[in-house]
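Trainee: Protein chains in written order, with numbering that gives the first Met the number 0: chain W, 0 to 87; chain S, 0 to 87; chain H, 0 to 87; chain D, 0 to 87; chain X, 0 to 87; chain L, 0 to 87.
One or more of the hints may lead you astray.
Unchecked claim - Once the Cα atoms are required to be at most 20 Å apart in a straight line, the calculated DMTMM-like pairs of lysine to aspartate or glutamate come out as:
hint, chain 1, residue 1, chain 2, residue 2
1, L, 52, H, 50
2, X, 28, L, 25
3, W, 47, W, 57
4, X, 59, W, 24
5, D, 48, L, 78
6, D, 28, S, 26
7, W, 49, X, 78
8, X, 28, W, 57
9, S, 49, D, 51
10, D, 64, S, 24
11, X, 48, S, 50
12, W, 49, X, 19
13, H, 14, D, 19
14, H, 34, W, 30
15, D, 52, S, 57
16, D, 64, S, 41
17, D, 59, S, 24
18, S, 34, S, 24
As the list claims (entries may be wrong) - Cβ-to-Cβ under 7 Å is the rule here; a few derived chain L residues that face chain W:
hint, residue
19, 18
20, 33
21, 39
By construction, these hints were calculated from the structure, which means they are not laboratory data. Using N, Cα and C, we set each Cβ at its ideal position, and we do this for glycine too.
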Amino acid sequence: MSGGLRTADGLPVEKEQIFRMAQQEMEYRVDLFNKLTQTCFEKCIERKYKESDLNVGENSCIDRCVAKYWQCTGIVGTMLGSSKPGGM
Amino acid sequence: MSGGLRTADGLPVEKEQIFRMAQQEMEYRVDLFNKLTQTCFEKCIERKYKESDLNVGENSCIDRCVAKYWQCTGIVGTMLGSSKPGGM
Amino acid sequence: MSGGLRTADGLPVEKEQIFRMAQQEMEYRVDLFNKLTQTCFEKCIERKYKESDLNVGENSCIDRCVAKYWQCTGIVGTMLGSSKPGGM
Amino acid sequence: MDDLENLPEEDKQRMASMIDRLQVSDSLKMYNSLVERCFSHCIENFRRKTLDKQEETCVKRCAEKYLKHSMRVSMRFAELNQGSPTPD
Amino acid sequence: MDDLENLPEEDKQRMASMIDRLQVSDSLKMYNSLVERCFSHCIENFRRKTLDKQEETCVKRCAEKYLKHSMRVSMRFAELNQGSPTPD
Amino acid sequence: MDDLENLPEEDKQRMASMIDRLQVSDSLKMYNSLVERCFSHCIENFRRKTLDKQEETCVKRCAEKYLKHSMRVSMRFAELNQGSPTPD
Numbered sequence: 000m001s002g003g004l005r006t007a008d009g010l011p012v013e014k015e016q017i018f019r020m021a022q023q024e025m026e027y028r029v030d031l032f033n034k035l036t037q038t039c040f041e042k043c044i045e046r047k048y049k050e051s052d053l054n055v056g057e058n059s060c061i062d063r064c065v066a067k068y069w070q071c072t073g074i075v076g077t078m079l080g081s082s083k084p085g086g087m
Numbered sequence: 000m001s002g003g004l005r006t007a008d009g010l011p012v013e014k015e016q017i018f019r020m021a022q023q024e025m026e027y028r029v030d031l032f033n034k035l036t037q038t039c040f041e042k043c044i045e046r047k048y049k050e051s052d053l054n055v056g057e058n059s060c061i062d063r064c065v066a067k068y069w070q071c072t073g074i075v076g077t078m079l080g081s082s083k084p085g086g087m
Numbered sequence: 000m001s002g003g004l005r006t007a008d009g010l011p012v013e014k015e016q017i018f019r020m021a022q023q024e025m026e027y028r029v030d031l032f033n034k035l036t037q038t039c040f041e042k043c044i045e046r047k048y049k050e051s052d053l054n055v056g057e058n059s060c061i062d063r064c065v066a067k068y069w070q071c072t073g074i075v076g077t078m079l080g081s082s083k084p085g086g087m
Numbered sequence: 000m001d002d003l004e005n006l007p008e009e010d011k012q013r014m015a016s017m018i019d020r021l022q023v024s025d026s027l028k029m030y031n032s033l034v035e036r037c038f039s040h041c042i043e044n045f046r047r048k049t050l051d052k053q054e055e056t057c058v059k060r061c062a063e064k065y066l067k068h069s070m071r072v073s074m075r076f077a078e079l080n081q082g083s084p085t086p087d
Numbered sequence: 000m001d002d003l004e005n006l007p008e009e010d011k012q013r014m015a016s017m018i019d020r021l022q023v024s025d026s027l028k029m030y031n032s033l034v035e036r037c038f039s040h041c042i043e044n045f046r047r048k049t050l051d052k053q054e055e056t057c058v059k060r061c062a063e064k065y066l067k068h069s070m071r072v073s074m075r076f077a078e079l080n081q082g083s084p085t086p087d
Numbered sequence: 000m001d002d003l004e005n006l007p008e009e010d011k012q013r014m015a016s017m018i019d020r021l022q023v024s025d026s027l028k029m030y031n032s033l034v035e036r037c038f039s040h041c042i043e044n045f046r047r048k049t050l051d052k053q054e055e056t057c058v059k060r061c062a063e064k065y066l067k068h069s070m071r072v073s074m075r076f077a078e079l080n081q082g083s084p085t086p087d
């Protein structure tokens, strides 16, 4: 707790920024996961709910849906100037 | 401000956790209320907006919608391992 | 750091409130902008995506959509007892 | 949440200020989503940049209905939270 | 995020507590949106204020399916984050 | 918000850092919702796990259109916030 710039909370600026970036990255990943899950549920799961298990068709649809969603994340990320696909 | 474990903010750990849980419980209730309100509006309110008052049919639909939504909260809560219906 | 009421963070109450209000106003504006953008995209942009530019019809639709949305913000704000149209 | 009643005065203040903040945030979000909902339901044509009389009436009734709906939901919700019986 | 491994013990604790908080918030939000989704899909009539057998079954299957779906997405998502190849 | 101009230097820094944080959060959320929107509009079949040429083109145009749309909305929005007149 000596020397260097400090934020309003009394922490060194650099460390505070690392925490903030880690938190934002985690919030980003949670948000991505939630949107992906909801979107693929809409696309792949039959609305009749005849049973509570996923059938073969639903399972393979989910796998492909996740893979395609991931590719879209990469494409849009590149357009927005992000360095790695699916990342910040 | 003496003895015991403290968080980064300098508060005793236990008290800090009580605040955090209280805040999360409140955010949960606000979110539940908002989703319930929006969902029952979609289900019960006629889209024509012929007048600005709720009619008899809409009012009784709202009451039943809230009651049924509450039961669904209980069912899903039980599945997720929550202790009380509608609670955390 | 002398005299006057202080919050849990050790800041004078009044200044802390100014920060809080500024943050809430900014979050409000970001939320308004995002909802406006999404809604006008739904209303104005053709779903075929035949090209990546906006055509003349889409551009003028956007301008009018934003203007009309702003008026709705004013109408609802007045009903909720807000002092200035579109503001807090 | 019974623990909260045993907290000293300064903690109660902190709790009250947290509740305050959540309520302001929530009512600003509600304002924005009310505008979005009524705009989406009521505004269909973008040939002019001002609302016509019919659109304005629609937005007003929509918002009034939503507020009345929300108050009724809130009464029923409070009853359920307290475990009161409700008429069928 | 490699910087995080070099942090001293108290910072790791702070990071762990942040992750904890995010997970609790996220699971409460997920609970609410699961109820909203299954209610919206399954409940169509409001002539009574209690769920009938068919509605209850629908809600249970919907929630179970969503949870199984979510687990599968989560496995695929983890593989993609680690860059593993997936079968076509 | 005029109060802000009278704040001392350290408070201005705190304000700037808050704005920074909001902007990063907001742009990450926007990234996620752009992917969700364009994926939902463009991807309809799940017979393979890679995007075909047509799907890729659709996603790119969708994202480009959304960004251009967003920039136009942002210009109109700024004008309205400053009370400038806009052409009909």
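Trainee: If a hint holds in the structure, say so; if it does not, say that too.
Mentor: How the hints compare with the structure:
no.	hint	verdict
1	L:52 - H:50	holds (15 Å)
2	X:28 - L:25	holds (19 Å)
3	W:47 - W:57	holds (13 Å)
4	X:59 - W:24	violated (34 Å)
5	D:48 - L:78	holds (14 Å)
6	D:28 - S:26	holds (13 Å)
7	W:49 - X:78	violated (30 Å)
8	X:28 - W:57	violated (25 Å)
9	S:49 - D:51	holds (16 Å)
10	D:64 - S:24	violated (29 Å)
11	X:48 - S:50	violated (26 Å)
12	W:49 - X:19	violated (36 Å)
13	H:14 - D:19	holds (16 Å)
14	H:34 - W:30	holds (18 Å)
15	D:52 - S:57	violated (26 Å)
16	D:64 - S:41	holds (12 Å)
17	D:59 - S:24	violated (34 Å)
18	S:34 - S:24	holds (15 Å)
19	18	violated (13 Å)
20	33	holds (6 Å)
21	39	holds (6 Å)
Checked against the numbered hints given earlier, this structure breaks hints 4, 7, 8, 10, 11, 12, 15, 17, 19; the rest are met.
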